[in-house]
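Participant: Sequence:
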Amino acid sequence: MMLFKTPFLFPLVVIFFLCFQNLIQIQAQPVNYGYSCSPSQANYPCQTYVFFRAMGPDSLDLASVGDLFSVSRKMIAEPSNFNVSISNATSPLIPDQPLLVPINCGCNFINSSFGNLSYAGLNFTFQSGDTFWKVSTQDYQNLTTYQSVEVVNPTLVPEKLQIGSSAVFPIFCKCPNSTQLQQGRTNYLITYIYHPEDNLTSVASRFGTTPQAITDVNGNNISAFDPIFIPVSRLPLLSQPAVPPTNASAPPAPQPQITSKDDRKGAVIGLGIGLGICGILLILVLGLCLKRERSLKKKLAGMKDVEKRQYDKGERALLKDAGVSLLADVADYLDKYKVFDIEELREATADFDENLLIQGSVYKGTIDGEVYAIKKMNWNAYEELKILQKVNHGNLVKLEGFCIDAEEANCYLVYEYVENGSLNTWLHGEKKGKLSWKSRLRIAIDVANGLQYIHEHTRPQVVHKDIKSSNILLDSNMRAKIANFGLAKTGCNAITMHIVGTQGYIAPEYLTDGVVSTKMDVFSFGVVLLELITGKEAIDEEGKVLWAKVGGILEGTEDKKVNKLREWMDEDILGETVSMESVLNVMTVAIACVNRDPGKRPSMVDIVYALCKSDDVLSDLSEEGLSPRPPVTAR
1 MMLFKTPFLF
11 PLVVIFFLCF
21 QNLIQIQAQP
31 VNYGYSCSPS
41 QANYPCQTYV
51 FFRAMGPDSL
61 DLASVGDLFS
71 VSRKMIAEPS
81 NFNVSISNAT
91 SPLIPDQPLL
101 VPINCGCNFI
111 NSSFGNLSYA
121 GLNFTFQSGD
131 TFWKVSTQDY
141 QNLTTYQSVE
151 VVNPTLVPEK
161 LQIGSSAVFP
171 IFCKCPNSTQ
181 LQQGRTNYLI
191 TYIYHPEDNL
201 TSVASRFGTT
211 PQAITDVNGN
221 NISAFDPIFI
231 PVSRLPLLSQ
241 PAVPPTNASA
251 PPAPQPQITS
261 KDDRKGAVIG
271 LGIGLGICGI
281 LLILVLGLCL
291 KRERSLKKKL
301 AGMKDVEKRQ
311 YDKGERALLK
321 DAGVSLLADV
331 ADYLDKYKVF
341 DIEELREATA
351 DFDENLLIQG
361 SVYKGTIDGE
371 VYAIKKMNWN
381 AYEELKILQK
391 VNHGNLVKLE
401 GFCIDAEEAN
411 CYLVYEYVEN
421 GSLNTWLHGE
431 KKGKLSWKSR
441 LRIAIDVANG
451 LQYIHEHTRP
461 QVVHKDIKSS
471 NILLDSNMRA
481 KIANFGLAKT
491 GCNAITMHIV
501 GTQGYIAPEY
511 LTDGVVSTKM
521 DVFSFGVVLL
531 ELITGKEAID
541 EEGKVLWAKV
551 GGILEGTEDK
561 KVNKLREWMD
571 EDILGETVSM
581 ESVLNVMTVA
591 IACVNRDPGK
601 RPSMVDIVYA
611 LCKSDDVLSD
621 LSEEGLSPRP
631 PVTAR
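With the first letter of the sequence shown counted as 1, position 125 gets the number 125 in UniProt numbering; the numbers rise by one all the way through.
One should not assume that every hint holds.
[Claimed, not checked] Keeping only pairs whose Cα atoms sit at most 25 angstroms apart, straight-line, the calculated SDA-like set for lysine to any residue is: (1) 549 / 178; (2) 390 / 407; (3) 600 / 449; (4) 544 / 581; (5) 536 / 565; (6) 560 / 581; (7) 564 / 582; (8) 489 / 502; (9) 431 / 356; (10) 544 / 38.
[Claimed, not checked] Label pairs and their in silico Cβ distance ranges: (11) 390 / 581: 34 to 40 angstroms; (12) 112 / 588: 40 to 46 angstroms; (13) 542 / 571: 18 to 24 angstroms; (14) 239 / 128: 33 to 39 angstroms; (15) 368 / 128: 32 to 38 angstroms.
The hints are simulated quantities; they were obtained by calculation from the structure and are not laboratory data. Don't be surprised by glycine CBs; every beta carbon is placed ideally from N, CA and C.
Please take these sequences and the hints and turn them into a complete structure.
Facilitator: Below is the structure:
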């Protein structure tokens with residue numbers, strides 16, 4: 001007992017115990033392939049939430065958590081009971097701080113063996129050291145399992161993940177069924193990871209529900225680290241700790257006070273024992289390292305010469321072979337596109353300086369006085385390159401060339417540079433308020449023409465799969481071009497289990513059943529039309545999608561329709577002399593595009609025709625009408 005009276009040994013024992021406990025928690029993960037679902041028996045898709053704990057070092061600020069779940073900081077801050085102003089900064093968090101993160105839950109068809117599984121698919125890009133297991137247990141804190149990740153990504157080999165490649169991580173979730181919604185007691189089923197220190201009473205109290213309600217949904221057999229679904233009628237009011245300022249200095253650590261000879265002796269003994277334990281652990285670690293090194297040397301000595309060279313060169317030979325293979329695949333197009341040298345691109349982008357980063361992994365670069373947009377990718381660039389070789393249209397961003405860097409296992413696509421950036425920045429960003437209605441209408445027609453081309457004039461048809469305002473670029477004349485064919489697919493009416501896209505733009509049938517068709521592009525285009533009319537984002541700060549709010553706008557007399565539409569219209573165009581008949585016509589097209597039934601959505605041919613006759617001023621668009629709104633000067 002005397003040992004624990006010393007001021008040094010007890011902290012060492014506590015630290016060792018906590019490290020061991022955390023190690024167990026990180027490693028523990030139940031075997032779980034996912035949760036079965038039926039779209040007809042529940043309200044799929046739905047907006048729900050996961051309970052997430054801030055943990056270091058990669059999730060101790062709202063920005064990092066938002067990036068992990070592909071949502072904004074404000075979308076996390078409000079349901080988590082943060083002051084909204086906090087989300088405008090980096091927003092430091094305290095370890096174990098509770099957060100409610102919004103997700104879109106869908107019922108997704110996997111295959112005949114697994115049927116439909118309920119999850120929110122989040123794209124995750126792998127970095128050095130990442131594995132399915134590590135990302136699911138540490139980054140996503142057991143909100144999914146590596147077994148489920150393997151099921152949802154059957155084409156990926158877990159042992160051969162490449163840096164920069166991506167996978168869909170299925171975050172477990174459920175949607176309330178009709179009975180639960182009608183009873184009014186369950187509007188959300190919040191995903192929560194049950195920890196060893198939890199009990200049903202404490203969990204129920206935290207969420208404002210009852211233990212019986214939790215067991216009714218999850219059953220009685222709940223174990224540590226199981227995902228459980230907490231039924232609530234409204235979001236709980238989380239108790240948030242005060243976050244210290246980032247520049248606050250830590251208080252000085254209390255110094256041990258030794259007041260007697262016995263205390264000094266005890267301290268020396270405790271220090272000696274602590275150092276002894278540390279020494280033993282250090283010797284064990286060194287022994288394991290030496291044993292592993294000898295084993296590795298022995299293994300290398302037994303390898304064939306070819307295998308040794310491959311190992312020593314970090315599989316560069318394989319990468320070069322892959323580069324040769326990719327070049328062989330596109331050999332027929334070498335005369336159509338310029339093949340750039342990697343050194344040219346490094347010089348053009350100042351060695352890919354972050355200051356030249358446009359968006360995502362696209363850099364601005366200058367080669368021989370010509371400005372380009374240079375997209376850095378991995379070997380999966382072949383699909384995008386294959387599709388771009390088939391298309392040539394004024395409303396699609398033009399591919400100028402490409403580069404293959406076998407040494408770094410990267411591929412670069414070199415596009416024309418589109419001067420005025422994305423439509424998103426003109427509607428929701430720094431250039432908001434500068435687009436006239438005529439310009440918006442012209443942009444809509446340009447995008448519709450581009451989609452009509454890839455839907456009707458390519459064989460096989462091309463589905464873009466990621467139409468959104470940030471993938472629509474505007475040139476110096478404010479004409480629109482569709483960009484980013486990274487998710488595009490050829491062929492229609494296919495079924496996929498690999499659900500990708502952007503929240504707020506994804507068609508319901510694709511989210512729930514994985515149906516890929518041109519009608520999913522029509523749906524996304526309808527959302528863009530709503531953005532052009534309203535100036536609102538596709539998904540608001542509460543996680544609610546824009547397209548779900550349009551019901552009832554076109555009901556009633558013409559006067560009622562116009563009055564409802566004025567309430568929806570962007571304030572920036574309300575001040576113009578705008579033909580309400582024109583806006584009403586575009587809203588009619590938009591609502592038809594976002595119909596839940598893909599069979600009732602118009603084709604892009606019909607959409608182009610409808611938009612082109614929507615306003616008689618289109619026949620006489622002036623140069624001013626296609627330019628940004630001139631600045632208003634104060635009088």
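Participant: Next, verify each hint and record whether it holds.
Facilitator: So, going through the hints one by one against the coordinates:
no.: 1; hint: 549 / 178; result: holds, 20 angstroms
no.: 2; hint: 390 / 407; result: violated, 28 angstroms
no.: 3; hint: 600 / 449; result: holds, 20 angstroms
no.: 4; hint: 544 / 581; result: violated, 28 angstroms
no.: 5; hint: 536 / 565; result: holds, 14 angstroms
no.: 6; hint: 560 / 581; result: holds, 13 angstroms
no.: 7; hint: 564 / 582; result: holds, 15 angstroms
no.: 8; hint: 489 / 502; result: holds, 16 angstroms
no.: 9; hint: 431 / 356; result: holds, 20 angstroms
no.: 10; hint: 544 / 38; result: holds, 23 angstroms
no.: 11; hint: 390 / 581: 34 to 40 angstroms; result: holds, 39 angstroms
no.: 12; hint: 112 / 588: 40 to 46 angstroms; result: holds, 41 angstroms
no.: 13; hint: 542 / 571: 18 to 24 angstroms; result: holds, 20 angstroms
no.: 14; hint: 239 / 128: 33 to 39 angstroms; result: holds, 37 angstroms
no.: 15; hint: 368 / 128: 32 to 38 angstroms; result: holds, 35 angstroms
Hint violations for this structure: numbers 2, 4, all remaining hints satisfied.
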